[in-house]
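Taken in sequence, the protein lines are chains E and S.
Read in numbering that gives the first Met the number 0, the first sequence has 314 at position 315, and its numbers run on one by one without any break.
Read in numbering that gives the first Met the number 0, the second sequence has 340 at position 341, and its numbers run on one by one without any break.
FYI, nobody ran anything at the bench for these hints, they're computed from the structure.
No experiment lies behind these values; they were computed from the predicted model shown.
A couple of the hints might just be wrong.
[What the hints assert, rightly or not] One-sided and incomplete, this derived list gives chain E residues near chain S with beta-carbon spacing under 8 angstroms:
hint : residue
1    : ALA57
2    : SER59
3    : ASP62
[To be verified] Here are the computed distance ranges between Cβ atoms for each label pair:
hint : chain 1 : residue 1 : chain 2 : residue 2 : range
4    : S       : ALA20     : E       : GLY33     : 22 to 28 angstroms
5    : E       : ARG286    : S       : ASP155    : 18 to 24 angstroms
6    : E       : SER113    : S       : ASP37     : 39 to 45 angstroms
7    : S       : PRO297    : E       : ILE137    : 55 to 61 angstroms
8    : S       : ALA296    : E       : GLU276    : 37 to 43 angstroms
No residue lacks a Cβ here, since even glycine has one placed at the ideal position from N, Cα and C.
Read off the chains here:
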Amino acid sequence: MADTVQEFVFNLTFPFSRTLGSTLSTFSSALAQGQIIGVRTGGRVIAPPLEYDPDTAADSGTDWVCVGPKGTVSSWTWVPEPTNLHPLDHAFGFAFITLDGADTPMIHVVDAGSESAMSAGMRVEARFKDPADCVGRIDDIIAFVPASDPSPSEGAGEPFEAPAENEITEMDAFCDLQYVDNASPTTLMWAKALMEGRLIGQKCPQCARTIVGPRGMCSVCAIELDESHIVEVPGRGVVSNFTVVTPTPYPGQTETEPFARCSILLDGADAVIAQQEILEVPVSELRVGIHVEVVWAPENERSAADIDNRSRGSGGDIIVGWRTTGEPDEPADRYLDRMM
Amino acid sequence: MSHQPVAIVGIGQTHHKRKRADVSMAGLVREAAQRALDDANMDWGDIDAVVLGKAPDFFEGVMKPEMYLADALGAVNKPMFRVHTAGSVGGSTGIVGSHLVSSGRHKRVLSIAFEKQSEGNAQFALGGGKGASIGAGGAFAPFIRAYIQRSGAPEDIGWMVAVKDRLNGAKNPYAHLKLADITIDKVKESPMMWDPLRFLESCPSSDGACAVIFTDEDGGKAASKPPAWVLATAMKSEPGWYSGRDAVNPQAAHACAQEIYKTVGITNPREQIDCAELYVPFSWYEPMWLEAHEIAAPGEGWKMTQSGATALDGDFPVNMSGGVLSSNPIGASGLLRFAEAALQVRGLAEDHQVGGAKLAIAQAYGANAQFFAMWAVGSSLNPLG
Numbered sequence: 000m001a002d003t004v005q006e007f008v009f010n011l012t013f014p015f016s017r018t019l020g021s022t023l024s025t026f027s028s029a030l031a032q033g034q035i036i037g038v039r040t041g042g043r044v045i046a047p048p049l050e051y052d053p054d055t056a057a058d059s060g061t062d063w064v065c066v067g068p069k070g071t072v073s074s075w076t077w078v079p080e081p082t083n084l085h086p087l088d089h090a091f092g093f094a095f096i097t098l099d100g101a102d103t104p105m106i107h108v109v110d111a112g113s114e115s116a117m118s119a120g121m122r123v124e125a126r127f128k129d130p131a132d133c134v135g136r137i138d139d140i141i142a143f144v145p146a147s148d149p150s151p152s153e154g155a156g157e158p159f160e161a162p163a164e165n166e167i168t169e170m171d172a173f174c175d176l177q178y179v180d181n182a183s184p185t186t187l188m189w190a191k192a193l194m195e196g197r198l199i200g201q202k203c204p205q206c207a208r209t210i211v212g213p214r215g216m217c218s219v220c221a222i223e224l225d226e227s228h229i230v231e232v233p234g235r236g237v238v239s240n241f242t243v244v245t246p247t248p249y250p251g252q253t254e255t256e257p258f259a260r261c262s263i264l265l266d267g268a269d270a271v272i273a274q275q276e277i278l279e280v281p282v283s284e285l286r287v288g289i290h291v292e293v294v295w296a297p298e299n300e301r302s303a304a305d306i307d308n309r310s311r312g313s314g315g316d317i318i319v320g321w322r323t324t325g326e327p328d329e330p331a332d333r334y335l336d337r338m339m
Numbered sequence: 000m001s002h003q004p005v006a007i008v009g010i011g012q013t014h015h016k017r018k019r020a021d022v023s024m025a026g027l028v029r030e031a032a033q034r035a036l037d038d039a040n041m042d043w044g045d046i047d048a049v050v051l052g053k054a055p056d057f058f059e060g061v062m063k064p065e066m067y068l069a070d071a072l073g074a075v076n077k078p079m080f081r082v083h084t085a086g087s088v089g090g091s092t093g094i095v096g097s098h099l100v101s102s103g104r105h106k107r108v109l110s111i112a113f114e115k116q117s118e119g120n121a122q123f124a125l126g127g128g129k130g131a132s133i134g135a136g137g138a139f140a141p142f143i144r145a146y147i148q149r150s151g152a153p154e155d156i157g158w159m160v161a162v163k164d165r166l167n168g169a170k171n172p173y174a175h176l177k178l179a180d181i182t183i184d185k186v187k188e189s190p191m192m193w194d195p196l197r198f199l200e201s202c203p204s205s206d207g208a209c210a211v212i213f214t215d216e217d218g219g220k221a222a223s224k225p226p227a228w229v230l231a232t233a234m235k236s237e238p239g240w241y242s243g244r245d246a247v248n249p250q251a252a253h254a255c256a257q258e259i260y261k262t263v264g265i266t267n268p269r270e271q272i273d274c275a276e277l278y279v280p281f282s283w284y285e286p287m288w289l290e291a292h293e294i295a296a297p298g299e300g301w302k303m304t305q306s307g308a309t310a311l312d313g314d315f316p317v318n319m320s321g322g323v324l325s326s327n328p329i330g331a332s333g334l335l336r337f338a339e340a341a342l343q344v345r346g347l348a349e350d351h352q353v354g355g356a357k358l359a360i361a362q363a364y365g366a367n368a369q370f371f372a373m374w375a376v377g378s379s380l381n382p383l384g
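Construct all of the structure, not just a fragment, from the sequences and the given hints.
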């Protein structure tokens with residue numbers, strides 16, 4: 000079964016967005032101007048500011064304080080071999096840095112050249128991006144670097160006057176995640192059968208229910224099902240229920256026109272295959288009771304690449320869809336209750 | 000098993016909107032929590048434990064938000080629990096909070112549930128990160144088609160629910176949708192979204208949070224405002240998909256209702272319960288849940304809607320708050336139902352108050368109509384006398 004995948008790689012990308020709220024908006028808007036700030040609350044300066052006192056949950060207010068750009072490392076760890084997800088492409092340190100004027104440390108990157116240059120107590124200073132590239136994100140500070148002059152930061156601890164309206168109130172949080180899933184034994188059985196142009200299910204020996212798209216268990220009886228419980232089910236049936244979806248736009252949406260997904264009660268099998276597409280019937284003419292038969296992709300065009308552990312009866316690219324057989328419709332009321 | 004009585008002494012919620020651009024996620028939950036603390040005349044330091052609920056993390060793309068929100072919710076050095084049961088999670092979050100008090104383990108517990116839908120996209124998330132997501136409406140539309148056929152209900156029942164809940168929502172200052180001028184014609188002429196469900200028969204997508212504070216019998220009796228008493232709680236689950244499953248009439252819904260009625264001593268729900276908040280994200284779920292929770296006989300739920308019994312001035316008001324059809328911060332939607340039931344028996348529901356409500360129920364469901372949560376609350380520990 001060279002065509003049957005053993006594992007699938009899934010790429011998940013999505014442009015999530017965050018609204019910052021007034022405290023983080025003030026921080027971000029100041030940062031974009033090259034100014035790091037904290038908030039004085041509970042008798043200390045927290046930087047970056049939080050909208051609440053982390054010890055008491057009380058509102059931390061708006062007593063803003065200028066902090067940095069220099070600070071002192073209190074603890075650190077070295078990253079000798081950064082991956083593409085790390086902020087720098089060469090070895091660096093992650094460090095707790097207490098900025099001048101602040102009483103709490105923040106975590107950031109120290110670009111110190113070598114591990115031996117790192118020490119608790121070392122003085123560092125922020126290296127900002129070009130002002131034109133600053134957007135109020137924490138990586139507007141590319142990294143902290145060993146301070147050329149260890150003397151205290153000028154202006155640290157002074158009050159910061161926030162503008163009446165903050166420029167930055169939202170932030171993109173782009174997700175780009177790749178993960179690998181291993182095909183389960185039942186996924187492999189399902190994919191193998193589909194590649195051979197067969198539909199299979201597993202029949203529970205206790206309740207006699209047939210699950211099309213084997214799942215390795217009966218979810219009613221909670222017993223394990225294996226290869227010995229595999230049964231062939233017919234590629235013919237009757238549409239028992241359906242949904243017509245008007246697609247809403249979202250990043251990654253592939254549909255633009257209303258599309259239908261149907262449940263099909265398979266002939267003589269007392270089993271339903273769900274989420275199927277009916278070919279050549281406009282969604283406005285779709286109805287319960289239509290006789291349909293499966294349409295397979297030509298053998299040389301079949302690929303199991305889309306059959307994953309969550310498919311549960313999906314035919315991926317191997318099942319093109321289902322077409323009407325032309326037989327007279329069955330009465331809807333005999334089928335409608337078989338959503339599943 | 001012996002239980003301590005549990006009183007609800009604080010309820011708070013945010014103003015729900017399509018996008019709460021003015022607050023962070025922490026700010027959103029704190030807004031609801033602060034209102035609940037104010038209502039209870041308490042401060043953060045008075046809370047012994049925090050229970051946080053929300054729907055899948057994928058909705059906003061913040062994994063394990065309970066970690067990020069622990070100190071925002073005053074949970075430092077206190078127990079913090081995360082609950083997740085899909086759409087029913089808000090109800091489950093309330094129930095878990097009440098159990099921490101009824102067990103005698105904690106004296107004052109904050110349950111809070113939220114969703115900030117505007118930070119992500121629920122259709123995308125429900126579709127597993129792929130195109131052609133059928134969404135919640137697409138998943139439930141076949142169940143609704145089956146209900147309509149089975150019950151013989153006329154097609155305008157769904158439209159009537161959509162109008163009734165929006166008119167109630169217009170009386171609720173916190174509701175997302177306030178559609179005071181909605182009409183049957185507007186619903187019926189709105190675009191078909193998930194046949195047979197039209198746009199105005201569907202819930203909105205909202206940012207919002209809800210918070211409830213529980214305390215023990217002494218705390219309830221000492222409260223400055225009238226408390227609500229938790230009379231019974233139930234949570235039941237069933238497999239989401241198996242051959243022959245009847246998703247219109249889930250066993251778990253019946254089991255929840257039966258347990259609640261038995262515990263409280265309710266023998267005639269329609270007569271003895273004063274009002275109900277049911278999880279109705281799509282209009283037809285009102286008659287479906289009236290039947291599945293044994294308030295109406297099988298096939299009779301739609302007649303309660305049709306006769307006006309479920310309207311605010313009917314004999315069995317449903318979704319006085321405007322329901323999920325008026326506000327849907329998904330994770331909070333269940334707790335909003337539970338909180339509204341409590342507001343009613345406290346007599347604090349203002350313009351959407353059911354006069355003299357002494358016994359109310361609330362319900363929430365989730366995933367493929369497979370997780371159910373329900374509670375009954377009373378103006379006293381024995382409202383049936």
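Right, here's what the structure says about each hint:
1. ALA57: holds, 7 angstroms
2. SER59: violated, 11 angstroms
3. ASP62: violated, 18 angstroms
4. S/ALA20 / E/GLY33: 22 to 28 angstroms: The hinted range 22 to 28 angstroms holds for S/ALA20 and E/GLY33, with Cβ atoms some 26 angstroms apart.
5. E/ARG286 / S/ASP155: 18 to 24 angstroms: holds, 21 angstroms
6. E/SER113 / S/ASP37: 39 to 45 angstroms: violated, 55 angstroms
7. S/PRO297 / E/ILE137: 55 to 61 angstroms: holds, 58 angstroms
8. S/ALA296 / E/GLU276: 37 to 43 angstroms: Hint holds: Cβ distance 38 angstroms, inside 37 to 43 angstroms.
Taken one by one, the earlier hints fail for this structure at numbers 2, 3 and 6, listed in ascending order.
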